[in-house]
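*Asks:* Based on the sequences and whatever the hints tell you, model everything.
Residue numbers (our numbering), protein chains in the order written: chain A, 63 to 717; chain B, 63 to 717; chain C, 63 to 717.
Warning: the hint list may mix true and false statements.
Identical copies carry no separate label here, and so any pair may be met within one copy or between two of them.
Unchecked claim - Here are the simulated DMTMM-like pairs of lysine to aspartate or glutamate, each with C-alpha atoms no more than 25 Å apart in a straight line:
#1 Lys322 x Glu514
#2 Lys149 x Asp235
#3 Lys607 x Glu84
#4 Lys227 x Asp595
#5 Lys227 x Asp212
Worth flagging that the hints you see were computed from the coordinates, not collected in a lab.
As the structure is a computational prediction, the values presented were derived from the model and not from experiment.
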Amino acid sequence: MIEPKLAVCYYPEHWPEDRWREDARRMRELGLSFVRIGEFAWSRLEPAEGVYDLDWLQRAIEVLHEAGLGVVLGTPTATPPRWLVGKMPDMLAQDKEGRPRAFGSRRHYCFSHEGYTGECARIVTVLAERFGRHPAVVAWQTDNEYGCHDTVESYSPAARVAFQKWCARKHNDIAALNRAWGNVFWSMELSAFDEIGLPHLTVTEPNPAHVLDFRRFSSDQAIAFNRRQVEIIRRFSPGRAILHNFMGAFDAFDHYGLSKDLDAAAWDSYPLGFLERSRRDDAFKSRYMRVGDPDFQAFHHDLYRACGRGRWWVMEQQPGAVNWGAWNPAPAPGAVRLWTHEAFAAGAEVVSYFRWRQAPFAQEQMHEGLLLPNSEPNAACGEIARVMRDLASCGPFPKTSRADVALVFDYESAWAWAIQPQGRDFSYFDLVFDVYRALRRAGASIDVVPPEPDAVKDRRLILAPGLFAPRESFVAALETCGAVILLGPRAGSKTVDFQIPPDLPPGPLRRLVDVSVTRVESLRPGAEVAIGDAGVFHRWREFLKLGGAAAAELRAVDGETALARSENAFYLAGWPDERLMDAVLRRLFESAGLTGLRLPEGLRIRDEGGRRHFFNYGPDAADLRPFLGERAFLLGEDMLEPCGVAVAETRAAAK
Amino acid sequence: MIEPKLAVCYYPEHWPEDRWREDARRMRELGLSFVRIGEFAWSRLEPAEGVYDLDWLQRAIEVLHEAGLGVVLGTPTATPPRWLVGKMPDMLAQDKEGRPRAFGSRRHYCFSHEGYTGECARIVTVLAERFGRHPAVVAWQTDNEYGCHDTVESYSPAARVAFQKWCARKHNDIAALNRAWGNVFWSMELSAFDEIGLPHLTVTEPNPAHVLDFRRFSSDQAIAFNRRQVEIIRRFSPGRAILHNFMGAFDAFDHYGLSKDLDAAAWDSYPLGFLERSRRDDAFKSRYMRVGDPDFQAFHHDLYRACGRGRWWVMEQQPGAVNWGAWNPAPAPGAVRLWTHEAFAAGAEVVSYFRWRQAPFAQEQMHEGLLLPNSEPNAACGEIARVMRDLASCGPFPKTSRADVALVFDYESAWAWAIQPQGRDFSYFDLVFDVYRALRRAGASIDVVPPEPDAVKDRRLILAPGLFAPRESFVAALETCGAVILLGPRAGSKTVDFQIPPDLPPGPLRRLVDVSVTRVESLRPGAEVAIGDAGVFHRWREFLKLGGAAAAELRAVDGETALARSENAFYLAGWPDERLMDAVLRRLFESAGLTGLRLPEGLRIRDEGGRRHFFNYGPDAADLRPFLGERAFLLGEDMLEPCGVAVAETRAAAK
Amino acid sequence: MIEPKLAVCYYPEHWPEDRWREDARRMRELGLSFVRIGEFAWSRLEPAEGVYDLDWLQRAIEVLHEAGLGVVLGTPTATPPRWLVGKMPDMLAQDKEGRPRAFGSRRHYCFSHEGYTGECARIVTVLAERFGRHPAVVAWQTDNEYGCHDTVESYSPAARVAFQKWCARKHNDIAALNRAWGNVFWSMELSAFDEIGLPHLTVTEPNPAHVLDFRRFSSDQAIAFNRRQVEIIRRFSPGRAILHNFMGAFDAFDHYGLSKDLDAAAWDSYPLGFLERSRRDDAFKSRYMRVGDPDFQAFHHDLYRACGRGRWWVMEQQPGAVNWGAWNPAPAPGAVRLWTHEAFAAGAEVVSYFRWRQAPFAQEQMHEGLLLPNSEPNAACGEIARVMRDLASCGPFPKTSRADVALVFDYESAWAWAIQPQGRDFSYFDLVFDVYRALRRAGASIDVVPPEPDAVKDRRLILAPGLFAPRESFVAALETCGAVILLGPRAGSKTVDFQIPPDLPPGPLRRLVDVSVTRVESLRPGAEVAIGDAGVFHRWREFLKLGGAAAAELRAVDGETALARSENAFYLAGWPDERLMDAVLRRLFESAGLTGLRLPEGLRIRDEGGRRHFFNYGPDAADLRPFLGERAFLLGEDMLEPCGVAVAETRAAAK
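*Replies:* Below is the structure:
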């Protein structure tokens, strides 16, 4: 069982020191356990080169410690101070237009600049040495939101040289690179690694294989940057969990890969900001503007649980209106509590609100906190108090168990289809998320997983839409795992070198479903292909040639196969609308021996360890009785108010 | 009383000299009094460095003078010639992308380049010495449309150095600047003024306080640039009015501040171009495409009357289709007359049409003039003839008197909310203009005013929506002025340093209405908050905590206060739609003892000195009888045709 | 008569040499006659500076030759290899933002860079010497798609110097240039040719005369670049046709001018890609998404037939989905055959499919070919087989004869109105194409022609909408040609120096229709001017003053003349909608003694040499009987299926 904890993000350097103690007291009073501090504070920790001022941070830690709060210490490397930029101006990242990214906000550094990475190692060492064994320090956060504001890729000279070296290591000789990239096309052949440029400012699109390698490189640079910090912290701060706070709908580097160096993953959950930023239509955004997309939070909880190999936090939880959406509505009453419960139900160890007190100055002054700028409590405080009561009612939460259903999410696939969408609105994230939504509508509890052998063991249903270039070990694992499998569209449609497989898509996945994809098409908005009366394909459609071992399960009105099957494996030849996806899922569930529900719009559930959690994202009260079964309420009752949360437990599981 | 005058803009250098005399004769014949010449002519006045050719201008002035026309002489500094750019290439402004703005159109100079400002002083001195005392010269225009084409702000090295000096003068020591800007946030602290960069090309948004100071600086630079010219002209051309021609819907520098150095303000009124460029919806633009927004002209007349401290002109009046709108329709028959009357009714001393003859060449060749390129009269000539007859019927116009209603328009607020809109469509100009529209619909005559103590004396109603950071002297004046006051939304929500007031918004304005704003939200298009059945908030909404001295006058359906009141002061907690704004105004008028009308769409009035002017912007004839009262027509009759103008006078006032 | 030939584009360097022979055999088997090879292969032909490897190309040619295929040899100058860019980095073109266009795709060269043009002469000489007299080589293609990806104009230093020289040659002395451009406006006067800049990065729009000269210069540079290759090829490869493959809806250089150096024109026909890229509305795009715009192909066939002075090819014919549209649907079954027939009916000598086998790598891997990447036949193979049978049924095709109807298309006009649209959606191409559509709806066979005297001889109807600045010789030819003529809108509205004619538009065209244009206006979407009940003007409208020799044929509801006439010449005073254009055409046809049809939507015809070709672009079968007359079917029957093609011959013409 897990004892969920609440936490908060705090910037002691923003406030007079004489206010710290009272802040700590009130945090504790509210029920918080941990406080994240320190990230962004470089200019206060080292006001001039080599001049350290760590005492204030020491005092802040003591104050929090004395109040009974644990400290999550952030490294300040997301905000290199002005003197450091002055010392090495070429540490600035360059944007895709070739312009240095100026000092004056944050994340203005290039992952590939060795001077800067050395400075980071130095400051992290100083902090870890000084605070690493402090009893208050329970965990570390490296840097902050790697990649935020489009900062994974840099087009600086430092990045160019590092990319050339990366290519040399990967491809070994330039002829191999030319073959892998297909550089014979358009006379793009190179004769030496130092001729490689970065894939930008070309007349028309650069070679997709070139871009993909650049994205792999950029991801690797972020991972290496993080690893260097982790190694230092591990040396000086044994026993403390090391985390990083990832973001939502963000895939610019391999989060599984980076997380391998961490003890737990974390992400920053801003349901309203992310909804506004999404590609959903205006009607959807208006409907959920105060509560967020009913599936977005859960998807990321499941994703980052995978990244953290079961251990994960919400490092920043939206507690009020934010400042960075195109529009920034206030959360509905109850929404903060709802979001907190969704996280705990999905196995979060900690939910940390961002931030303690709204800052009256600088870029985020319109971002609400738990306190108003004048220290009065803001609305979220009441919701947190209610969460504390809920937790008392519910007792410890069951640990998350392996889900029957696994949905593959693969970063490389996201890069590949962003590089080559073929239709303007083809988004890998949206494709996977559409499948996830359907699973949630059916009431499933889901593990989001990487395309790795271990991830598919002991499942009953595995779904891998849009999987770019599955590796042999993963294909072999799928072949032997015994689960029902859904592949397509675009699954297996490329080799790792971004080439079409010699035997056509789905390449090695043909061993699972005996089909060949002979033609694909992207469909403009409004263009649809009807799949009988089961629904339609939109956005994307494929034409299949069925081998002898495959049969058509569904057909389009023009007679083409829409869903093919070989034994327990299915291939879906297009991007389904909601209705079609539901229909496909019903077949899959049936084949897998799973039971699907039909949840009303806005109602969502999660089952874990004998408990069923209910969440009402809709504007009206929901009747839970059809979905209650033999369970009894630990929290809530039959009718669930808007933004309401309920927890029911099977009588068997009840203690 | 004022004798309104007509004028025209003329470019003798564009035409063979033997045509000047005939042009002058026809101008006079048409009834024009003044001619603006000379701006843009630098390459003819000084064809090479230090080589002057002023004789042609002398001859042009003589020709106009002999025809009985007064001359408004423009300084040519908006168009530095090619040889000057060649001599000092770094005089070019740089755009926000960091690129020098090339020679080949106009306004390519940086206000902060000391070499260029010296050149300007030189050419202005030469012109003022030569022509300053010529009896034909009745007035001067400095430069042309400061800021047009986004040219107030320059990101050049010259601007950077000047901004650093400006910051040093303002903040004195760098620690003070760090505190004022809140640079502790994201480690943005600086250790010296020469570390300050210009707020562009940052990874994410720069510090709003940084940007606001940069906008203040940029505004100051424009003002200083203008002042230098004014001082020279005053020295050499005593007794002549000095003006500048401002623009519509343009707020990139402080027009009140710049106008302090002028004798009168002027603006360039292009009703159709500005309508097309506005954010109004397509239905509105289509409805008014040939006549312009019914309130846009009046708003600017009222604004620039304030800038000119009562004295103002229309320096350029659209006489036909222009060339710079996304689409450029022809004005409706009568529209040019309508616009001319609107200006005179609002106190314009001069309305000057742009331009005399349509140029057949270069960038503005599709901009119509009073004459066709072949010198035949264009449609506007007939309208001007009719205006001359109207003026004969009406006699001199009453001088504008102090209006009962004052609407605050503040440039700094415009900058602040452009920097921090918090919702994508939050525009200070639109907010103030929405209030202005409602006042016009109610038939009010309005003074647009700066947030200064003098401006609010002797009023019955003062409105200050969105006022960013009111200064103490202004708040004190509001407290004691005795008028009914409307504040909010966002009024008083920041300090001058762009920080949230320590006691929450509306900061010092709480002395007027006893409320605190605890939360704000921006609302996406389509999202509304119903205020009972009085209308809705859209775009923006605030949550108020009422102090003991405040009461809720209107409530939202969720129970939150929408309109709060403390005695005669009101706080409006959101952006009202048309219906709600009308309802709020009715309350305010009632409290202020004012009478509001309900004018039909498209009909507008202005009362001045016993006269009521009627303007019909609608597509159908309007019945004036309900709004005539005890007045008798000086011009027009009961039914007012589309584009029609009528003037009626109270019997008492009738001579 | 013409024996139409089929061909294909092939890249032997992309495939193992041992596959070439089988490829050639299958090409022949499919009925193909020619194979285009070699363009883009520079890095294989000259892998390092001065190191040639031409043997593989020799072997490829031999293989094709032995299979009975003719070879069209491309010069590889569209893809300068990496070593060449490294040798002379300033050969890179610069984009309008002033940034060098990087290596890594194609067309990264500047037409004005003398070093690069020398390199091109060298490689072309090498190829022409080696292969020019090979019996397999039947034709050459210079470079590839000049101007693709916006590459006609370069803003590089090399281009700047070349433009200055071009201006000096054209204008002779700088005072003349100042006068021609009207540089007195805004003090833009220059004192020497080396002061001329390129027209970009100016504060507001640059002088239209400046831009027009720059576009003329840029066009001239492309023509000169091509001519240099042509001269070399002619010297070393006598008797072979030299072609270039132009594009659709592309007008950035003078295609008539460049074609004068060629033996035949060719264009690359991608009906689905071009439809998606067009400005047509979503409903139209959805309706025709799998078959293409019913008139787009025919328009370009007629245009490039004019460029090639009767001789023309389709060099690249879309055979499946492409990769470069915003969305890329698959063609409807039958569409490839339909497109092929449209081309042959319009006189194409060759239709060449792009490409033989879909490449599995690099930028165009999603572009379908005749074969799948695994060498299996793709859908188009079946259609080609059917085309071969059709050709057998139809026998040789009649040569195209001079059409009664000539529609003027002028590149300079396209540049002029792109420079000065005056209304955001004014497109010369769209204007001419709207007229073309109406002619097609009326069943006319059309010659698209340049504004040159020869082009208008022996016509019955000539249409010249939007003709910018007609030269005297053309006006004189129109005066004496005896045909019915349609001019306007905007026809003759400028001089060659981009100035309004001294006697107003339509300038010299007034000799044809006795009108003056006193005013024009552009109309926002939704704004219309009704022309009685015949239809409306949208987008653009003019006000005419009629001279004594003109009469109003149609009037707008406001009484203004919409269609004026002087004898056989008409002037249309606006942009007509479909209904109005049809009504105008009926009058013109009647005056010209032509018979117009009213074809149902989607059905199109072409008459040539006694044959009538039918094409059904619609989704339903079309009844041909109303349009059959006394003809008998050579191909097809009364009811024409969707994508169907029929050919009928008059009994007289039947052999």
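*Asks:* Which hint numbers doesn't this structure obey?
*Replies:* The structure breaks only hint 4.
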